[in-house]
Amino acid sequence: MEYFIQQLVNGLTLGSIYGMIAIGYTMVYGIIGMINFAHGDIFMLGGFAALIVFLVLTSFLAGVPVVLALLLMMIVGMLAAALWNWTIERVAYRPLRGSFRLAPLITAIGMSIVLSNFIQVTQGPRNKPIPPLVSSVYNVFGIAISLKQIVIVVITAILLSVFWYIVNRTPLGRAQRATEQDRKMAALLGVDVDRTISVTFIMGAALAAVAGTMYLMYYGVVVFTDGFVPGVKAFTAAVLGGIGSLPGAVLGGLLIGLIESLWSAYFTIDYKDVATFSILAIVLIFKPSGILGRPEVEKV
Amino acid sequence: MALKTTMTKDPILKVEHLSMRFGGLMAINDFSFEAERGEITALIGPNGAGKTTVFNCVTGFYKPTMGMITMKQRSGKEFLLERLPDFEITKHAKVARTFQNIRMFSGLTVLENLLVAQHNKLMQASGYTILGLLGFPAYRQATKESLELAKHWLEMASLTDRADDPAGDLPYGAQRRLEIARAMCTGPELLCLDEPAAGLNPRESLALNELLQAIRRDTGTSILLIEHDMSVVMEISDHVVVLEYGQKISDGNPEFVKHDPKVIAAYLGVEDEEVEEVIEEIEEIESEQGGINP
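These protein sequence lines map, in sequence, to chains A and B.
Offset between the first sequence (1-based) and the working numbering: plus 1.
Offset between the second sequence (1-based) and the working numbering: plus 18.
A few of these clues could be false.
[Unchecked claim] Below 25 Å or equal to it, Euclidean Cα-Cα: the simulated SDA-like pairs (lysine to any residue) are:
hint, chain 1, residue 1, chain 2, residue 2
1, B, 109, A, 294
2, B, 81, A, 168
3, B, 139, A, 170
4, B, 109, A, 182
5, A, 288, A, 182
6, B, 109, A, 196
7, B, 109, A, 288
8, B, 266, B, 29
9, B, 162, A, 165
10, A, 185, B, 126
11, B, 109, A, 167
12, B, 162, A, 166
13, A, 185, B, 266
14, B, 139, A, 99
15, A, 185, B, 28
16, B, 169, A, 167
17, B, 81, A, 203
18, A, 185, B, 103
19, B, 139, A, 96
20, B, 109, A, 163
21, A, 185, B, 88
22, B, 109, A, 98
23, B, 139, A, 288
24, A, 185, B, 267
25, B, 162, A, 174
26, B, 81, A, 96
27, A, 185, B, 85
28, B, 139, A, 130
29, B, 32, B, 274
30, B, 81, A, 271
31, B, 109, A, 174
32, A, 129, B, 103
33, B, 109, B, 28
34, B, 109, B, 85
35, B, 162, A, 288
36, A, 185, B, 274
[Stated by the list, open to error] Estimated spans, in silico, between C-beta atoms of each pair:
hint, chain 1, residue 1, chain 2, residue 2, range
37, A, 95, B, 186, 24 to 34 Å
38, B, 190, A, 100, 32 to 42 Å
39, B, 81, A, 270, 53 to 63 Å
40, B, 124, A, 104, 24 to 34 Å
Everything labelled a hint here was simulated from the structure, so no lab data went into it.
Keep in mind that this is a model prediction, so the values were computed, not measured.
The beta-carbon is built from N, C-alpha and C at its ideal position, and this holds for glycine as well.
With the sequences and hints as input, model every part of the structure.
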């Protein structure tokens, strides 16, 4: 039983990271109907930005409190990722907005390759390890909960509430939802659609960068290929939860995290990705719009 | 037409030599008209005459092939609408429009639909969301004002009790009124309505007439409308422009247009010798309707 709960805790942590990345996929899909395949690499880039901040802090300002260091890593990561994602949208996606659906998809894949190669060339192809930032582990009824797990879950929860608030309660979020439903009409009501879309990319990137920082802190290592597998899993999470739905993305992320850790715990770890994607396939066969997705109903 | 000459003219919208070509099709050919400030101007014509195309040019949906569209605001500021991107037409030129097929944000609530229309004001007050998240008083004030404006228009459109329902759940007639209320929330000086009475039953049509007249009376907003329902056109418009095959065939007050043989021939598709008959018929219909709505 304790073992099971332990795995639940691990899965929840991993799932929080996936969920944060998945939100970027789902929001961009919601607002312009395209999959931003470069999003996983934005996540990796956020991790690298955090790594650089960490190295700068430790070499020039020894003895910086951990909380402050983490905060700085997150903020710089968010800014860097937001800037990149904004630029990508501006130069690679916006000019293609009127063209056929596959065009932005292909550029997105291209941007993903550009980003990972850029990091490979500028940062080197090897794994980049950092010493553990927070190492305390608490023992709660025989279950080991590390401080970093708590930090990840708490930060995820806070960010998701802020996000939920922005999307549901602010003029910006209203404009995003309106743009999602009818871009032309939103423009006619005075919403600057281009800016709203840019902001969506910025918000998604900021969350991905936080996820990147958490990932770096959790595993203590980041490498230029890290955008791919977590990116694909987060995308899977978004589809599983129902693409276009914010709570769906989080739910999907948590589910994938749980499936992964429970599968690794009770079956063979080599097949954890097989299990994850099989479950995705099964869910989509029976519920094509995902768990919380709105089925597309056409009124005639 | 004769009535107009005595008044000093203050057109809010001036369309000059407008032409719109789609490939080989000349949808609008050298079309000019003026809409007076504070009046309800109706644009009528048979199907395919190009009415919606004119609207699309005025509201920035299409870039016209030729011609000039000048919008003059109360403040005296002038805008050349054919040069503005679409969101600026609402934002700066203060022209709002509705559609023939209703375009509601059906997943947003009725109230949210009205708040989206006040997006720019709120966005500025909330300091592009950042200050708003921190709860600055200016943002709260702006939110309160927007809510009040939205509630005012909900009441005008008699939708107050449906405020929190998804807009897509409203019946057709209510969606029409909501669409007009939403357009009014952008604070327009010119409201363009594309067939507001299409598909409405007589009672909904009556409610619509009242709403439009209230808009003109209370806010002084000028209205430009496309309409098929002649009872609506004749009852509420001050000025009627008739379009056929992309060209203007008549222009004047409803009385004048109604008896213009060219209009009758074009609009009702009859030969010249049958015109008298048709006029009689129209008058008959009108007197019947006069009985329904006193």
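Quick rundown of the hints versus the structure:
no., hint, result
1, B:109 to A:294, "34 Å, violated"
2, B:81 to A:168, "34 Å, violated"
3, B:139 to A:170, "16 Å, holds"
4, B:109 to A:182, "20 Å, holds"
5, A:288 to A:182, "22 Å, holds"
6, B:109 to A:196, "14 Å, holds"
7, B:109 to A:288, "42 Å, violated"
8, B:266 to B:29, "18 Å, holds"
9, B:162 to A:165, "21 Å, holds"
10, A:185 to B:126, "16 Å, holds"
11, B:109 to A:167, "23 Å, holds"
12, B:162 to A:166, "18 Å, holds"
13, A:185 to B:266, "29 Å, violated"
14, B:139 to A:99, "29 Å, violated"
15, A:185 to B:28, "31 Å, violated"
16, B:169 to A:167, "23 Å, holds"
17, B:81 to A:203, "32 Å, violated"
18, A:185 to B:103, "11 Å, holds"
19, B:139 to A:96, "28 Å, violated"
20, B:109 to A:163, "29 Å, violated"
21, A:185 to B:88, "22 Å, holds"
22, B:109 to A:98, "23 Å, holds"
23, B:139 to A:288, "41 Å, violated"
24, A:185 to B:267, "32 Å, violated"
25, B:162 to A:174, "18 Å, holds"
26, B:81 to A:96, "19 Å, holds"
27, A:185 to B:85, "24 Å, holds"
28, B:139 to A:130, "48 Å, violated"
29, B:32 to B:274, "21 Å, holds"
30, B:81 to A:271, "59 Å, violated"
31, B:109 to A:174, "19 Å, holds"
32, A:129 to B:103, "48 Å, violated"
33, B:109 to B:28, "22 Å, holds"
34, B:109 to B:85, "22 Å, holds"
35, B:162 to A:288, "42 Å, violated"
36, A:185 to B:274, "38 Å, violated"
37, A:95 to B:186: 24 to 34 Å, "29 Å, holds"
38, B:190 to A:100: 32 to 42 Å, "35 Å, holds"
39, B:81 to A:270: 53 to 63 Å, "60 Å, holds"
40, B:124 to A:104: 24 to 34 Å, "28 Å, holds"
Of the hints listed earlier, those the structure fails to meet are numbers 1, 2, 7, 13, 14, 15, 17, 19, 20, 23, 24, 28, 30, 32, 35, 36, in rising order.
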